[in-house]
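Chemist: Residue numbers (the numbering used here), protein chains in the order written: chain L, 1 to 795; chain S, 1 to 795.
One thing to keep in mind: the hints can contain errors.
Any copy, or any two copies together, can satisfy a pair, since identical chains are not distinguished.
[As the list claims (entries may be wrong)] Pairs of lysine to aspartate or glutamate residues, derived as EDC-like cross-links and limited to a Cα-Cα distance of at most 20 angstroms, are as follows:
| hint | residue 1 | residue 2 |
| --- | --- | --- |
| 1 | Lys723 | Asp549 |
| 2 | Lys723 | Glu672 |
| 3 | Lys691 | Glu787 |
| 4 | Lys194 | Glu449 |
| 5 | Lys723 | Glu673 |
| 6 | Lys194 | Glu226 |
| 7 | Lys691 | Glu615 |
| 8 | Lys194 | Asp230 |
Hints listed in this document are in silico derivations from the structure and should not be mistaken for laboratory results.
Below, each chain spelled out in residue letters.
2 protein chains.
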Amino acid sequence: MPEAPRQDSSTQPTDEELRALDAHWRAANYLAAGQIYLLANPLLTEPLRPEHIKPRLLGHWGTSPGLNLVHTHLNRVIKNRALDALCIWGPGHGGPSVLANSWLEGSYSETYPDVTRDAQGMELLMRQFSFPGGVPSHVAPEVPGSIHEGGELGYSLAHAYGAALDHPGLLVACVIGDGEAETGPLAGSWHANKFLDPVHDGAVLPILHLNGYKIANPTVLSRIPEPELDALLRGYGHEPIHVSGDDPAAVHRAMAQAMDTALDRIAEAQRAAREEGVTERPHWPVIVLRTPKGWTGPAEVDGEPVEGTWRSHQVPLAGVRDNPDHLRQLEAWLRSYRPEALFDAEGRPVADVLACVPEGGRRLGATPYANGGLLVRDLPIPSLDDFAVPVDKPGTTVHEPTRVLGDLLAQVMRDTADRRDFRLVGPDETASNRLQAVFDASGKAWQAETLDVDEHLDRHGRVMEVLSEHLCQGWLEGYLLTGRHGLFSCYEAFVHIVDSMVNQHIKWLRTSRRLPWRAPIASLNYLLTSHVWRQDHNGFSHQDPGFVDHVLNKSPEVVRVYLPPDANTLLSVADHALRSRDYVNVVVAGKQPCFDWLSMDEARAHCARGAGIWEWAGTEDGSRAPDVVLACAGDVPTQETLAAAHLLRRHLPDLSVRVVNVVDLARLLPREEHPHGMNDFEYDGLFTTDKPVIFAYHGYPWLIHRLAYRRAGHQHLHVRGYKEAGTTTTPFDMVVRNDLDRYRLVMDVIDRVPGLAVRATAVRQRMADARTRHHAWIREHGTDLPEVAEWNWNA
Amino acid sequence: MPEAPRQDSSTQPTDEELRALDAHWRAANYLAAGQIYLLANPLLTEPLRPEHIKPRLLGHWGTSPGLNLVHTHLNRVIKNRALDALCIWGPGHGGPSVLANSWLEGSYSETYPDVTRDAQGMELLMRQFSFPGGVPSHVAPEVPGSIHEGGELGYSLAHAYGAALDHPGLLVACVIGDGEAETGPLAGSWHANKFLDPVHDGAVLPILHLNGYKIANPTVLSRIPEPELDALLRGYGHEPIHVSGDDPAAVHRAMAQAMDTALDRIAEAQRAAREEGVTERPHWPVIVLRTPKGWTGPAEVDGEPVEGTWRSHQVPLAGVRDNPDHLRQLEAWLRSYRPEALFDAEGRPVADVLACVPEGGRRLGATPYANGGLLVRDLPIPSLDDFAVPVDKPGTTVHEPTRVLGDLLAQVMRDTADRRDFRLVGPDETASNRLQAVFDASGKAWQAETLDVDEHLDRHGRVMEVLSEHLCQGWLEGYLLTGRHGLFSCYEAFVHIVDSMVNQHIKWLRTSRRLPWRAPIASLNYLLTSHVWRQDHNGFSHQDPGFVDHVLNKSPEVVRVYLPPDANTLLSVADHALRSRDYVNVVVAGKQPCFDWLSMDEARAHCARGAGIWEWAGTEDGSRAPDVVLACAGDVPTQETLAAAHLLRRHLPDLSVRVVNVVDLARLLPREEHPHGMNDFEYDGLFTTDKPVIFAYHGYPWLIHRLAYRRAGHQHLHVRGYKEAGTTTTPFDMVVRNDLDRYRLVMDVIDRVPGLAVRATAVRQRMADARTRHHAWIREHGTDLPEVAEWNWNA
């Protein structure tokens, strides 16, 4: 049972403490504004001149003072209460603010020793910001203490919950901008508190920052009556604490009290759950902070109000280099923070400024929780042989691959019962995707009401099910980024819902891989099932194999795509994915009964190669090149390809057929385009340079061309796949509609092998007849042809 | 001023009326269950036998009784109050329910005359459901009265608001399942009521249906205490009306009263706004309907509770064909509705069943609002010449293309001021995307608090800004599907947020295009700006050109992609897009100052061709084939290509260079793959079959290969584009980082034109030097080389 954090109904902050907090805040504001404007003269030791100003003024001032206020007050409570804390900065474009705070507390200089905590380092800090070759404008991976870039709004709160799960001693503060609060993903994330276990999970403290404006508009939540906002937050299951104002002294006092109240309540809720076994869902606190946008910046510019309006969103004074009035106004603004009282002559922050700053790994810029690779442990993955299905002869027995994987995942769940560093997330599809064996090892996280009829709900469960792909993705990202492991199982079509989120995660990984101080984290693993070929209940809206295309546009050092054709290959691929680091692994696998093709040993060897010849399936005699290559990737295309090979063996026995199966799609790319890419020697060895290749692919056929267009044999490559011919129908009718069926593949072979068209006219007609028979049968019976339904490789 | 609807604080429903409502509901339940199970014997005129049962049992029973209840009670109020109404069925997988109701009211037989309203038609209705070659299981385009498929959950409420905008006489009911309510997009959509104008817009009546379960889990909103749910809905700005129960008679009575109360309140709010000029935002009603999942279905199956649990989600009795007990149970279940009392001997619904059904176009399955093409009028688009920028010499003047377009859009906005059938939507980026001229014609829709400092907010505005791409997309889809026009302006990277939504809309259009009774609607038009090459403020997270790849995977009859290279081509493309029907048009165009290349007439001609040679830019003399083709698509690549052509003209004057610009990306596809595709003769005429083509493309370079791989000259095609080398930097540094800059393009030419490498060593070195000079300059100054910043075509 994790210990509850120290409760500390602290006394009111003293005036001295408040003065020091204000000094810290002013210093952070000064440094944030300085980053937007200054190339030189960082301490204003001389009057500001145009050459001190950056040639291009870039950055977002508007949110920065609010973020600085939150950072200052988080520092205070972290120090006073000796908390382990992490903060998610939802308005990530307030990068200058988080950078300023990291520099003040010293974590920046520890991470980047050239940016020293003195005048020289301050100049570098300011100069590098949003400067070519410098640091990005957002709370990107380069920023110490960050796990959330914040550029694409909507995911802060989901990340915060993901970080808090299974970290019972951690406080995760989360600043939510009122702009971000309008997004769907954020709006849906509030209900994550129904999944947070007060015993085994840490706490999330949302701080809704109402600064009133987005880029050019007021925000919805800042313009509804306060009682309505209050009802909304209570409806989300929170107890709101309101802090409003524009007088710094008053706001400091109110914010310090609000923080203490919130943390006392959190401590009490955790204590009650952990020590008294209280199971009632706590009404966790939320702080509503209402302060002006661009607070302490220029009140007016060129006669227009700026502070407290949308005009302070980015750069409040745009003409500083050319307009002497703007330059003077900027100097006055910067001097209003009294830098001479905040930094000593060498540019080091004075003691008052640093009074609130905690020590060592408690500093928000130095917490190991924001560098999850420091915390991650290898996952205990059992021997695959204990879960493999026996395969004596290929294509004889059938298994549901995801169900077989479910047994393995259940064991991982069991073996991490004490460590609690593995979670399964999914939009209410764990059982639908046939992974239900995991419920023997862990129930589903649930803190809302439970009825007798419910199954597998568990206050301490580690399977996360909510009907929001956004929340699943956000939870898992937050969980991985703070040093744990997981898997997202999702319907293939609907994983597109998180296209944009996975973009951002891939960008994060690509960048953090290049930062030596960021330790590698566990990969983000997708299991995409209930795929395009088997949407018997749902039809066209549930048919889309394009996620693979989407991720293959992204950084090749991060993305991996696997299409295991049967149960044992799925085990092998999953094993690899769960052990890997810093990747996004996309695994597409069926949940429906599927022939077993490879034994466990064969599967391991095949998956290690990523693509290979299935000698047993072809008719090559080794003395000459094959006449045709039947290639396949994906479970359904593999089955149709094997059935086509079977037909060719029977009807055209002297044709030399090679069968190639591709598990790891990136193998098709040139070596120089992807770390898994084959060199031309390997590729040509598999596919030949001059023989027809009939490639049956799981998804959009042109993807294969996009991967293989540079190969010598590309002009002989003919790909079949999904071409949006979707509907509610039988599995075999789906492949017929998309010309991916066995009969069509045989016809393709006959049409493309030189000379065969004439020799095999009768066989071709027989194939065409079978397709006609299919159409008639299905109209009449609504089921697949018996010869298809009963087919197996050994028939 | 639109008239307010008739208010009718109707008397309590009589017992007779309630009995008739129940008859209608039972009939709908009977038909819904029948569709899932029956192949024959639709009226149960004989005992049920296995051969009456479908071989594959597919469909979703769980939600159907609730949807039937809502439909029945909507019928009642529509009829009593003579309403024009539309219903969005969020749980679209409850297809059998909506089909049943349409058949009952007769709209189904009017749309599909072979499915008659008698026993024979009933058998067909049942048989065709989820049957190969029949109708899909969801509320797909095939279903009369539907504008919302409901397969991918999350968009019902946004669609409802989109449908209600500018339809002052329309009631849009919207059933939201408690599963769907967990999604982010739905959670964010509740705040759409801050954008609904009670004067010019219709009303949205959300009906939150808590049936308690998703696929295998309870739902969050059904398991929080009712006061918490009530606070949540009040926080969303609604006044909740609760209806709960499992006794049909009591629920009918409560539901009838709830509907009357809700509609009275709506009528009163509209009357106050329209007749008294009240501007206070109304607290619109929401009905919370709590009834059992799978209500009236089998209470228990094989000893497990089914009715009222997740076990009734799909097919409650799965073994009917083989298990005599299940068969008996099914028969008892179906007979429990007393079909003999609902249908006459010919299978026609009896009078009682139809008593609540409204007439003609008021029937939910016959409303023209659900077949928006019947209502759509051509948009008044002014002459482009009035907005064109003058171009005497190419590449001399600069304009911001989107700002030029803004003037045109403002005129369209002005010219539709009375018709109110054109809206602009965007996530708070209209001004950022430089379309602010529209504010001279219409303000921004806003019903929340307004302060003096705010600009362009307008209770009756038709520009929609909210920081939710989901809401923007959902609103626009709903607006278009009900017969109006619009444009979505969005940051290029973040349109991926709606990848999945646009998938569904494209699927909808593809299907509805094949239904002769569905009239074409206005296209969904995207203006993607603030694009990958110009994210000076934001950097890597804001850089992603992959939406084009995403849509080009979808049905070619629906998708169109345009990359106008300057202001006048943008006008021409926008004009075409706004006039078109049933497409998804993606227009990618910059907002930053951009050279003007073509006059309006030239732009029109160029856009009509979609791709063409810019003779003035090349050095062909017409006597022989060019030595090299410089191709380009997109504004930034076009500029770099022209600059490269300029360098080649100066440094290698005897090289014969052709410049080809591509506006309409699908032109590159083969004719048989896309209606806009070029035949090989055209393609080869532009690009040659044997000369090097250096193609500078706006997005991921492999997309061009994917489009052109079948062309004869493909092996000579060399594409430059965005390869994820993103960060916060200058515009020219971005192209250098991605090898798309003018110097690199010249080097590519030298490397690829046979014999040139030797002859042009010095020129190549000069180009390499320029890149080195760039790197040094930018490190020092943070700006682009003066020779780049000051370049123009005529220099």
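Chemist: Give a verdict on every hint.
Modeler: Hint-by-hint comparison with the structure:
Within a single copy, Lys723 and Asp549 get their C-alpha atoms as close as 14 angstroms, and across copies as close as 15 angstroms, so both meet the 20 angstroms cut-off. For a Cα distance limit of 20 angstroms, the shortest separation of Lys723 from Glu672 across copies, 13 angstroms, qualifies, whereas the shortest one inside one copy, 29 angstroms, does not. In this assembly of identical chains, Lys691 and Glu787 lie within 20 angstroms of each other by CA distance neither inside one copy nor across copies; the values are 30 angstroms within and 52 angstroms between. Taking CA atoms no more than 20 angstroms apart as the test, Lys194 paired with Glu449 passes inside one copy only; the shortest distance there is 9 angstroms, against 32 angstroms between copies.
Taking the shortest alpha-carbon separations for Lys723 and Glu673, only the inter-copy value of 11 angstroms comes in at or below 20 angstroms, while the best intra-copy value is 26 angstroms. When the C-alpha separation of Lys194 and Glu226 is checked against a cutoff of 20 angstroms, the pair qualifies only between copies, where the shortest distance is 15 angstroms, while the shortest distance within a copy is 24 angstroms. In the homo-oligomer, the alpha carbons of Lys691 and Glu615 lie at most 20 angstroms apart inside one protomer (17 angstroms), although the nearest pairing across protomers, at 41 angstroms, exceeds that limit. In this homomeric assembly, Lys194 and Asp230 come within 20 angstroms of each other (Cα to Cα) both inside a single copy, at 19 angstroms, and across copies, at 17 angstroms.
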